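Hints given; two lone chains; assemble the complex.
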Amino acid sequence: MNDIWTIAVKELKEFWMARGGGARGRLTSFLVLFFVFGLYWPLSQRQAWIDAPFLPGLMFMILPLLLAGGTAADAFAGERERHTLETLLATRLSDRDIFLGKVLATLAYCQGMTWGCALIALIAMNASKGAGPFYMYSGSALVLMVVGSTLLGLLMTAIGVIVSLKAASVREAAQWFSIATLAVILGPVILSQVLPASIKAPISQALLSADYTLVGTVAGAVVLALDIVLLAVGIARFQRTRLILE
Amino acid sequence: MVAYAIETKDITRRFGAVCAVDRVSLQVPAGTIFGFLGPNGAGKTTTLRLLLGLLELNGGSATVLGYDLATQAAAIREHTGVLLEHDGLYQRLTVTDNLEFFGRVYHLDKNTRQARIRELLEHLGLWERRNSGVTQLSKGMKQKVAIARALLHRPSLVFLDEPSLGLDPEAAVALRDDIESLARKEGTTVFLTTHNLAEAEKVCDRVGVIRQGRLIALGTPEELRVRTGKPIAEIYGKGFSEAAVAAARALPQVSGISVHSDHLQVELEPGAETAPMVSLLVREGAQVEEVRKGQGSLEEAFVTLMQEEKGKSEVQP
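First to last, the protein sequences are chains A and B.
If you count the first sequence from 1, position 119 lands on 119 in the numbering used here, and the numbers rise without skipping.
In short: position in the second sequence from 1, add 1000, done, that's the numbering used here.
Everything labelled a hint here was simulated from the structure, so no lab data went into it.
Each hint can be trusted.
Heads up, simulated DSS-like pairs for lysine-lysine below, C-alpha to C-alpha not over 25 Å straight-line:
1. B:Lys-1139 - A:Lys-13
2. B:Lys-1312 - B:Lys-1230
3. B:Lys-1238 - B:Lys-1293
4. A:Lys-13 - B:Lys-1110
5. B:Lys-1310 - B:Lys-1230
6. B:Lys-1230 - B:Lys-1202
Here are the simulated distance ranges between beta carbons:
7. B:Glu-1269 - A:Lys-166: 55 to 61 Å
8. A:His-83 - B:His-1107: 22 to 28 Å
9. A:Val-32 - B:Met-1001: 53 to 59 Å
Model, not experiment: these values are computed from the prediction.
Every residue gets a Cβ at the ideal spot worked out from N, C-alpha and C, and that includes glycine.
Just chain B, same shape as in the assembly (with noise of 0.2 Å):
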């Protein structure tokens, strides 16, 4: 077994002039959830077609599995599983119908395919609905299909482009848990492609953030948000008066305050302390019940990452 489910150095990209993919060079452990966040046309989908060979490299190496990407891209397929942008499900077939096929696409033999797909099928919660077809299936059930296609070969990697898109909040929820659950248990390696940055702090073990066409950050998902989130205290209580919040915006150790129906949610400097604010606040006649102190969220620390690229970039010439 390999150490490295994908280690790329310097992959590049281009459509023309474009740049989809501007020398990325990353590593995803095998085994592990590792999530690719951008935003839309960042360089997410084209990444993650270069990684499978449906399209080819203008620069860089890669190997995927072990293989190298340039010349064995057919074993890359062979051992992977995909769900992209769209379910790619056959929508005038059933879902057995589906799942065989992908089944006798990977040479699974007839017993193992069925109770394969038994077994994915009822995790999934979608065993009764497997002779239904496609088109009378819900977006979310579809996602699960295409994840139970995914998954069928036991893969050693999963490629996800986006699977909760569109799906409601309960759905994707749903979905990610399902994801979450068969990976961890098949310890399949999951190469997520999403700008649902809650999903991927919940889910993913290491994420990548890509914009466009470059690589800006790697890590965990909290190193990332210590790396560019800037500490956040939330504080609990009764009174907070427009004087009040204006005192403690005007102390130097507070970036910013939003304020809310029950707490104040005030944006620190690095390595602020929070008592003088406490005792401004009480002192302006607030009436102070709990304080919780933590770092921002990924998708505070993404949309910082973004500011500071955007920055970067408008400085460049």
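Same shape as in the complex, but just chain A (with noise of 0.2 Å):
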């Protein structure tokens, strides 16, 4: 764990670091996000958040989705593209560890935003409700938030650093990336355009007569176990024998 831990944080280093411009300008790119995601989004849509309790934790959800793409892209195909690769595969850590440590590191920038914005938000909500009740996530969107946000940061994380491993640029990585974004955001609404009829009827019904709970919990198991397998295949593809020739 400690070596994960090792690389985690020199990754995490160099993602503040290559945001140039001084420790200011780093810091501006931040409040950006903190500004779009924390004050302008929650603001904007105070009303459908309190109908609608489960609502930003759905938000906040999808925003590991937007958020994963830049660290997981660098994570090997940047390496590779500023000749560090090499000399790290010539270290005494494992083809194991120096991967884990590529997606903790990805998965922490992710949550760590999405749940800073999500607190931003909570005090945004509370600092503008002038004389109404004061403002808390519903259990239901404090457990998208926590659970679904993680387990959906993991699958982008998982994928993205599968597809840094085979690329031989940041660029190509990131382009790759969107392409897997957009086929996660967009496969299921293209799946329920394809599907026939017979098909989608009884799934529509079911899924407006379904408990939402149990919904939640088949779906968060159906990521989990992508997520276990996408790690199971990038610790497997991972192998400083093969990617030393690529």
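Quick look at the structure:
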């Protein structure tokens, strides 16, 4: 675990330093994210958040989809592009620890930003409530924010790091990752369009009358299974004797 | 402690139809600086990658620091340091951040890490630049930081792949001196690949020469010079007229002459005497002030070796 953490800390430090413009410039780039997702987003949708208590959970669950790309694409393609990969592979670190360290760094960044934005949003909602009651996220929203966003963040991170393993450059990795993100977001929508009515109708009926806790739990279990499979694929795919030749 | 830091027996690596390393057998005694010489594409870097377990062997066997290459590559990497083709430094981080990271990778505790970083950077004259970003350093400084990184965890063996490549002559000499002094001080074995033969001649205890994946010579630089280099005579003086040079060139014991501003460099046949040639030059009107006789350089020995091997491969069908 110590080695995974060492890699993750180095990754996060590099990611922080990659945002040029000195400490102020780096901070500004994060402040923009906090402003959009922590202030503008909740305040422009205040009433919807109050009327549909699960909505903030859903929205913050999507945030890792937008954030994972930058760090994940850089994970291995960046090391390859900047000629640091071979030196890293020549250290005592195991293949598994290097891979998981990269995954942990990306996940930590995504979840840190997501939860940071959620906290700022909560403060903003209460600071602007006027005489209204204290606003707090519902239980379902908190579960989606904590568990749902972590599972989805891990899914996108695993996809991104695997893409980065294969890509020759950060740009190529980012392009492939964008396609993968679109597939994850648009996949269910496209599937609902192409499914024959005979299959769609009972699914729609079942969803309308379903217990949403059960649907959420099943969806979470499916994403968790995908996470585990993708992590296993990534670990199996990461072999320094193969990587050195690519 | 093992007697040989590296022992290979017929190690082979192929890439498709190309045999990049062809049955190479060598021994590198512990605590020595070993130079692995060869032209570009000869198989130096591939050999180094094989010895680090970064590539798999197609044949043969090897032990590095007593660990079996096929089954204990992780243990080999634990006890070795590297400076590969690229410096491998994280450009976005500072010098200290880079060394801190690698110190953590090798599980050095905080106090040891800090003391060691200071010791190495002070030795290399970079302590004042410890907080500089890597991008702010010159190529020579980056190479020095990479040397510090390679030696940080006090490895028993260090692999250096063309460490002075791309450096200006002054920086190359400074780096060479640093490598030598640090390696000797810490008793570290150094496996150095280079095609800078002057560098190899100055720092290496033993050298191996590789060409087209095959090891064609192994020994001390002196042994290689004697084995393959022809004796050289340098004749200092004045009045080396064209006629005098032509007469000397016609002597059977002379295989070549090059004329310099203040001296002649004469390549002699093995066992040749210089006295008849000096007498001839004097008779032709030259004023000889000094004659120095010795073996050719490692560079000349290397060129001879390459020519011999090229001749052999042309003869073979």
